[in-house]
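*Asks:* Chains as they are written, first to last, in the working numbering: chain A, 1 to 115; chain B, 1 to 111.
Just so you know, these hints were derived from the structure itself, not from any lab. Hints may contain errors.
Using C-beta positions, here's what the derived DEER-type ranges look like [unchecked claim]: (1) B:71 to A:39: 23 to 33 angstroms; (2) A:41 to B:67: 25 to 35 angstroms; (3) B:5 to A:58: 19 to 29 angstroms; (4) A:115 to B:108: 40 to 50 angstroms; (5) B:78 to A:17: 45 to 55 angstroms; (6) B:30 to A:38: 24 to 34 angstroms; (7) A:61 to B:59: 34 to 44 angstroms; (8) A:70 to B:15: 48 to 58 angstroms; (9) A:17 to B:54: 25 to 35 angstroms; (10) A:115 to B:66: 46 to 56 angstroms; (11) A:87 to B:41: 16 to 26 angstroms; (12) B:111 to A:27: 37 to 47 angstroms; (13) A:70 to B:17: 40 to 50 angstroms; (14) A:111 to B:9: 19 to 29 angstroms.
A quick note: this is a predicted structure, and the numbers were derived from the prediction, not measured. Where is the CB? At the ideal position from N, CA and C, for every residue including glycine.
Single-letter residue listing:
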Amino acid sequence: DAGVIQSPRHEVTEMGQEVTLRCKPISGHNSLFWYRQTMMRGLELLIYFNNNVPIDDSGMPEDRFSAKMPNASFSTLKIQPSEPRDSAVYFCASSWAGRTQETQYFGPGTRLLVL
Amino acid sequence: GEDVEQSLFLSVREGDSSVINCTYTDSSSTYLYWYKQEPGAGLQLLTYIFSNMDMKQDQRLTVLLNKKDKHLSLRIADTQTGDSAIYFCADGGAGSYQLTFGKGTKLSVIP
Numbered sequence: 001d002a003g004v005i006q007s008p009r010h011e012v013t014e015m016g017q018e019v020t021l022r023c024k025p026i027s028g029h030n031s032l033f034w035y036r037q038t039m040m041r042g043l044e045l046l047i048y049f050n051n052n053v054p055i056d057d058s059g060m061p062e063d064r065f066s067a068k069m070p071n072a073s074f075s076t077l078k079i080q081p082s083e084p085r086d087s088a089v090y091f092c093a094s095s096w097a098g099r100t101q102e103t104q105y106f107g108p109g110t111r112l113l114v115l
Numbered sequence: 001g002e003d004v005e006q007s008l009f010l011s012v013r014e015g016d017s018s019v020i021n022c023t024y025t026d027s028s029s030t031y032l033y034w035y036k037q038e039p040g041a042g043l044q045l046l047t048y049i050f051s052n053m054d055m056k057q058d059q060r061l062t063v064l065l066n067k068k069d070k071h072l073s074l075r076i077a078d079t080q081t082g083d084s085a086i087y088f089c090a091d092g093g094a095g096s097y098q099l100t101f102g103k104g105t106k107l108s109v110i111p
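With the sequences and hints as input, model every part of the structure.
*Replies:* Below, the structure is given as structure tokens:
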């Protein structure tokens, strides 16, 4: 049973370039989360989707960040233009959310370095 | 907003027990979680406890919950070098799909 799949696993880019991170949630899960992890700020929730609809994007840092979920099996997080301070590990997680909180399962992360 | 606090570092000798502590502020938390992150990897769910329980045991892992004091702990018996990792405590509030994570406790196991 495949877990959450993220690609690429590593990304090195130059400041100003567009970066697109991809996520495939666990089949059957209806909630998807994007997190960012840095040494300084720890793990931050950027956005979460329920049934492909963005429910809370209050954690998205600024307009340079955007996320989409065109269908139940795919989501993207885009940074345009990228800046060195965006360097971090970006995690995607999914869960099945019913009436109560359900366990989130994390992908392996994308390690982004913006030069 | 809600908050989850953990100490940042813990060092133990191989074979000893490790106890990682966590406090949270959300009184409506329904589930509390422990995740493990090994170097260069994602977060792996270790165990979780429902808020109406006070203890859960799973092999070498024991979770204790003191709901009155909003205190959660993870005990790892017979700690091994492979247990070296960062351990995150997280709480899920009632009616919320979000988790609030602590900053993680880095466990170092000394051979």
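*Asks:* Hints first: check each against the structure and report whether it holds.
*Replies:* Hints versus structure:
no. : hint                               : in the structure
1   : B:71 to A:39: 23 to 33 angstroms   : holds, 26 angstroms
2   : A:41 to B:67: 25 to 35 angstroms   : holds, 29 angstroms
3   : B:5 to A:58: 19 to 29 angstroms    : holds, 22 angstroms
4   : A:115 to B:108: 40 to 50 angstroms : violated, 31 angstroms
5   : B:78 to A:17: 45 to 55 angstroms   : holds, 48 angstroms
6   : B:30 to A:38: 24 to 34 angstroms   : holds, 28 angstroms
7   : A:61 to B:59: 34 to 44 angstroms   : holds, 40 angstroms
8   : A:70 to B:15: 48 to 58 angstroms   : holds, 51 angstroms
9   : A:17 to B:54: 25 to 35 angstroms   : violated, 51 angstroms
10  : A:115 to B:66: 46 to 56 angstroms  : holds, 47 angstroms
11  : A:87 to B:41: 16 to 26 angstroms   : holds, 18 angstroms
12  : B:111 to A:27: 37 to 47 angstroms  : holds, 41 angstroms
13  : A:70 to B:17: 40 to 50 angstroms   : holds, 48 angstroms
14  : A:111 to B:9: 19 to 29 angstroms   : holds, 23 angstroms
The structure does not agree with the numbered hints 4 and 9 stated previously, though it agrees with the rest.
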